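With the hints as constraints, model all of the structure from the sequences given.
In case you want the letters, here they are:
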Amino acid sequence: MMNKTNHNSPRLNLANYVFRPEFSSLVILIAMVVITAVLQENFFTIKSIVRNINAFAPLILLAMGAGVVIISGGLDLSAGAALSLFTCVLTTVMKRGEPITGVYAIIITFAVAIMVGVVNGIGIGYLRIPPVIVTFATSYIWLGIGLFLRPTPGGESVAWFRMFYNPAMVDGIHPAIEQFGRVIPPALILVLIACFIWFIVSKTKTGRYIYAVGSNNDNAYASGINTAKVQLLACVINSIFIFLAALFFVGQNQSGDARMGDPLTLRAIASAIVGGIALTGGRGSVYFALVGALILSFVNKIIFFANISYAYQTLVSGLIVIVAIAAPVAYNLHSSKED
Amino acid sequence: MITLVILEAIGIKKHFGGVTALANANLRCYQGRITGLLGANGSGKSTMSKIITGVYQADGGEIRYKGRVVNYRSPSEARKDGIAMVFQNLSLVADLTVWQNIVLGAEESRGMFLDNDSARELSTKILAQLLPELDINKKVSQLNPGEMQIVEIAKAVSQNPQLLILDEPTAALEQAQVKNLFNYMRALAKKGVAMIFTSHRLWEVMEICDDATIFRNGENVASIDFEKEEKDPEKIVSYITGETQKERVEEKRKAVTGGTILRIKNLNYGKLKDVSFELKKGEILGVGGLAGQGQLELMHALAGSFPGISCEAELMGKEVKLNKPVNAIKEGILLVPGDKQLEGLFLRHSVLFNIIFPKMSLPHHPLFIPYEKYREECEEIVDVLSIKTPTVDAPVETLSGGNQQKVVVGKWLPFDINVLLLADPAKGVDIGAKRDLYQYIVDQVQEKNMSVILYASDNEELVDYCDRVLIMYEGQIVTTLEGEDISEDTIIACSMRVR
Numbered sequence: 000m001m002n003k004t005n006h007n008s009p010r011l012n013l014a015n016y017v018f019r020p021e022f023s024s025l026v027i028l029i030a031m032v033v034i035t036a037v038l039q040e041n042f043f044t045i046k047s048i049v050r051n052i053n054a055f056a057p058l059i060l061l062a063m064g065a066g067v068v069i070i071s072g073g074l075d076l077s078a079g080a081a082l083s084l085f086t087c088v089l090t091t092v093m094k095r096g097e098p099i100t101g102v103y104a105i106i107i108t109f110a111v112a113i114m115v116g117v118v119n120g121i122g123i124g125y126l127r128i129p130p131v132i133v134t135f136a137t138s139y140i141w142l143g144i145g146l147f148l149r150p151t152p153g154g155e156s157v158a159w160f161r162m163f164y165n166p167a168m169v170d171g172i173h174p175a176i177e178q179f180g181r182v183i184p185p186a187l188i189l190v191l192i193a194c195f196i197w198f199i200v201s202k203t204k205t206g207r208y209i210y211a212v213g214s215n216n217d218n219a220y221a222s223g224i225n226t227a228k229v230q231l232l233a234c235v236i237n238s239i240f241i242f243l244a245a246l247f248f249v250g251q252n253q254s255g256d257a258r259m260g261d262p263l264t265l266r267a268i269a270s271a272i273v274g275g276i277a278l279t280g281g282r283g284s285v286y287f288a289l290v291g292a293l294i295l296s297f298v299n300k301i302i303f304f305a306n307i308s309y310a311y312q313t314l315v316s317g318l319i320v321i322v323a324i325a326a327p328v329a330y331n332l333h334s335s336k337e338d
Numbered sequence: 000m001i002t003l004v005i006l007e008a009i010g011i012k013k014h015f016g017g018v019t020a021l022a023n024a025n026l027r028c029y030q031g032r033i034t035g036l037l038g039a040n041g042s043g044k045s046t047m048s049k050i051i052t053g054v055y056q057a058d059g060g061e062i063r064y065k066g067r068v069v070n071y072r073s074p075s076e077a078r079k080d081g082i083a084m085v086f087q088n089l090s091l092v093a094d095l096t097v098w099q100n101i102v103l104g105a106e107e108s109r110g111m112f113l114d115n116d117s118a119r120e121l122s123t124k125i126l127a128q129l130l131p132e133l134d135i136n137k138k139v140s141q142l143n144p145g146e147m148q149i150v151e152i153a154k155a156v157s158q159n160p161q162l163l164i165l166d167e168p169t170a171a172l173e174q175a176q177v178k179n180l181f182n183y184m185r186a187l188a189k190k191g192v193a194m195i196f197t198s199h200r201l202w203e204v205m206e207i208c209d210d211a212t213i214f215r216n217g218e219n220v221a222s223i224d225f226e227k228e229e230k231d232p233e234k235i236v237s238y239i240t241g242e243t244q245k246e247r248v249e250e251k252r253k254a255v256t257g258g259t260i261l262r263i264k265n266l267n268y269g270k271l272k273d274v275s276f277e278l279k280k281g282e283i284l285g286v287g288g289l290a291g292q293g294q295l296e297l298m299h300a301l302a303g304s305f306p307g308i309s310c311e312a313e314l315m316g317k318e319v320k321l322n323k324p325v326n327a328i329k330e331g332i333l334l335v336p337g338d339k340q341l342e343g344l345f346l347r348h349s350v351l352f353n354i355i356f357p358k359m360s361l362p363h364h365p366l367f368i369p370y371e372k373y374r375e376e377c378e379e380i381v382d383v384l385s386i387k388t389p390t391v392d393a394p395v396e397t398l399s400g401g402n403q404q405k406v407v408v409g410k411w412l413p414f415d416i417n418v419l420l421l422a423d424p425a426k427g428v429d430i431g432a433k434r435d436l437y438q439y440i441v442d443q444v445q446e447k448n449m450s451v452i453l454y455a456s457d458n459e460e461l462v463d464y465c466d467r468v469l470i471m472y473e474g475q476i477v478t479t480l481e482g483e484d485i486s487e488d489t490i491i492a493c494s495m496r497v498r
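Protein chains in written order, with numbering that gives the first Met the number 0: chain A, 0 to 338; chain B, 0 to 498.
Any given hint might turn out to be false.
Footprint (simulated), chain B over chain A, 3 or more residues, beta carbon under 8 Å [said to hold, decoys possible]:
#	stretch
1	220-234
2	292-299
Residues from chain A that keep clear of chain B, each with C-beta distances beyond 10 Å, as calculated [claimed, not checked]:
#	residue
3	I52
4	A110
5	L148
6	I176
7	Y210
8	D261
9	V320
Note that these hints are calculated values from the structure, not bench results.
Small disclaimer: the values here were computed from a predicted structure and weren't measured.
Glycine is no exception: its CB is placed at the ideal position from the N, C-alpha and C atoms.
Structural data, given as structure tokens:
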């Protein structure tokens with residue numbers, strides 16, 4: 000009987016958590032929050048927290064998407080370009096003063112997001128082209144379409160789209176929603192939606208197979224898994240997360256820009272890795288990509304508040320990122336020796 | 000008990016390029032019985048299993064499963080029909096846990112969510128009989144090869160197959176694990192599961208199987224019903240080798256008179272246990288035995304591939320350290336690996352690059368590569384070995400298998416060779432090229448008075464070219480054959496520990 004309980008209990012006790020490779024990124028994050036709180040006096044006010052969440056949310060969403068793709072054995076270099084494209088599509092479909100166009104825009108852009116994921120997925124999964132090549136190529140396709148729709152930043156947006164940024168800015172909104180939005184900003188809700196989507200997926204076959212395929216594509220195939228389909232689904236999930244980020248961006252800026260997402264691509268991938276997701280696939284937790292994105296975001300904040308001369312800021316942030324990436328690796332090496 | 004034929008393979012033929020793997024093979028399996036498949040390396044028994052499960056497609060013949068003709072195109076198709084195979088090259092995913100792997104590809108769902116509780120329960124239930132001490136929440140990457148093999152078996156069994164094919168399942172297992180497996184197989188047989196069991200270990204087949212089919216050169220040469228007939232290992236060995244011995248081409252080479260050049264004492268590494276032997280000058284020493292008994296490891300150990308090795312080695316009376324490849328190369332101990340694609344060659348690079356490459360790793364190599372000088376040397380080597388290539392700049396991958404193997408040999412020629420290690424050098428090489436290659440090696444041995452250690456999975460090569468043959472079993476040298484004793488019969492009998 001003793002034996003049976005031992006076999007069946009999922010590992011939930013503290014010791015097992017401490018020995019998980021992701022643990023070190025959590026420690027780094029806590030350290031960074033403490034440092035920031037010391038440097039920034041009003042850090043723990045609601046206003047400051049909401050501002051931080053708004054600033055971090057797009058990277059968090061893209062990092063979680065990158066995490067899903069990397070775990071499935073892929074890599075997405077087109078995430079930033081896809082984000083830009085979605086903002087362009089949204090602001091092209093919407094007409095100022097016609098609220099209903101906002102609904103059309105969301106539906107059409109969602110369809111575009113699914114297609115973006117499917118195209119990447121076909122290249123990676125079915126055509127078996129190296130993911131770096133596929134998504135490098137598609138990033139230019141997304142950029143091209145984006146520039147076609149919106150050669151210069153701009154475009155129109157319906158007023159209620161500010162819902163996705165700050166409900167207080169929408170005229171005539173119910174006061175209760177307005178109050179709610181002050182405490183729980185829409186950006187946080189978008190991140191929670193992404194977390195919920197992954198929570199559901201991770202409980203299904205698709206979630207299990209994403210890990211199996213990323214860990215060993217051939218053996219997963221030999222076990223009867225349709226590996227191409229799994230990789231395609233991973234790309235689609237990623238694309239949906241990027242779509243959520245696009246809603247936030249257009250809500251915030253009321254305009255589209257075919258190039259605005261570019262700097263986020265590599266930051267999203269770096270976030271996933273800082274969060275302990277292995278670039279080789281199959282290992283890591285999508286939720287910890289969120290932690291990784293927070294770490295990368297806090298790096299910039301700390302440098303800003305630490306009064307480091309502007310000339311050194313980029314250099315210092317690079318060094319901190321290296322430490323953040325190296326720490327989980329060193330931790331992994333150490334704990335695997337203990338085994 | 001009425002025994003029901005569940006699977007019948009009739010007149011199966013299979014060719015790989017010009018090589019015939021199965022000429023005209025028949026096999027029959029019965030409900031609730033364990034059928035052993037026996038045969039020497041390359042006799043076609045693995046090919047047969049792979050054709051039944053749809054890994055390969057047969058070139059001729061038919062397979063009848065439960066009375067109807069089937070032709071599976073993939074293992075998953077066969078699995079849907081209740082035929083499961085335990086692969087030698089494992090199908091596990093390292094980053095998932097044991098129980099996740101056992102149900103992989105056949106997960107049960109409750110609604111849209113995975114039913115993890117029933118998966119854990121099922122895994123615990125199966126493993127309780129095979130390896131109760133294994134923690135099912137461990138990741139497969141943390142398991143040892145034996146445990147992985149057990150998980151692989153559990154995975155195949157979890158889908159309740161009616162025909163279970165076990166291809167050398169015991170090779171990675173320890174004695175106790177083998178015992179558990181056999182008990183489990185007997186329980187499965189009682190439930191009516193038919194099984195095909197292949198193993199090189201004759202005693203295992205005699206212990207667990209109800210009947211056995213023996214393969215030789217792609218044909219089934221005998222079937223034995225162990226319930227009715229006596230278990231006679233000598234007879235089985237004679238079926239495996241074939242009674243009629245081919246006439247030997249050449250007379251035995253003259254006896255070796257040289258003194259000891261290499262003395263290995265108490266070599267221990269991995270599966271190698273206390274390996275000790277001596278090699279004489281001008282001798283061709285064979286290493287034989289069943290596949291995977293540590294022969295390849297021994298060759299690599301002598302070539303310095305394992306940093307953590309423990310061994311006392313003396314070359315010409317002088318102590319040598321075998322912990323780095325460069326040490327072995329400096330002493331003139333050179334390895335010609337068998338898996339030329341993986342270990343010996345840069346396939347996309349030119350013949351020239353491949354042949355001069357080892358020189359560059361030596362100390363005191365000039366900073367700039369003297370290409371002109373090397374090109375001349377290389378052309379000479381290509382000439383001597385009659386490597387068929389348009390120019391020395393042709394990529395090695397454009398050459399035929401035999402010529403590729405010659406390049407592997409050729410790259411060591413400019414060195415002073417004391418001991419040449421050949422690890423299955425003629426694997427996958429056609430007969431003509433094989434004879435050329437060996438003739439060249441024999442000539443070199445005489446001309447340069449060097450010594451050779453030859454591991455060959457084909458016993459014929461050992462019989463034809465070796466002065467002495469060491470037989471390995473589970474990482475140890477169990478027998479040394481000399482002179483007249485070297486024949487395919489004795490090699491196989493000693494390999495299977497019958498004699």
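Going through the hints against the structure:
no.: 1; hint: 220-234; in the structure: holds (count 4)
no.: 2; hint: 292-299; in the structure: violated (count 0)
no.: 3; hint: I52; in the structure: 30 Å, holds
no.: 4; hint: A110; in the structure: 23 Å, holds
no.: 5; hint: L148; in the structure: 37 Å, holds
no.: 6; hint: I176; in the structure: 31 Å, holds
no.: 7; hint: Y210; in the structure: 6 Å, violated
no.: 8; hint: D261; in the structure: 32 Å, holds
no.: 9; hint: V320; in the structure: 25 Å, holds
Consistency note: the structure conflicts with the earlier hints numbered 2, 7.
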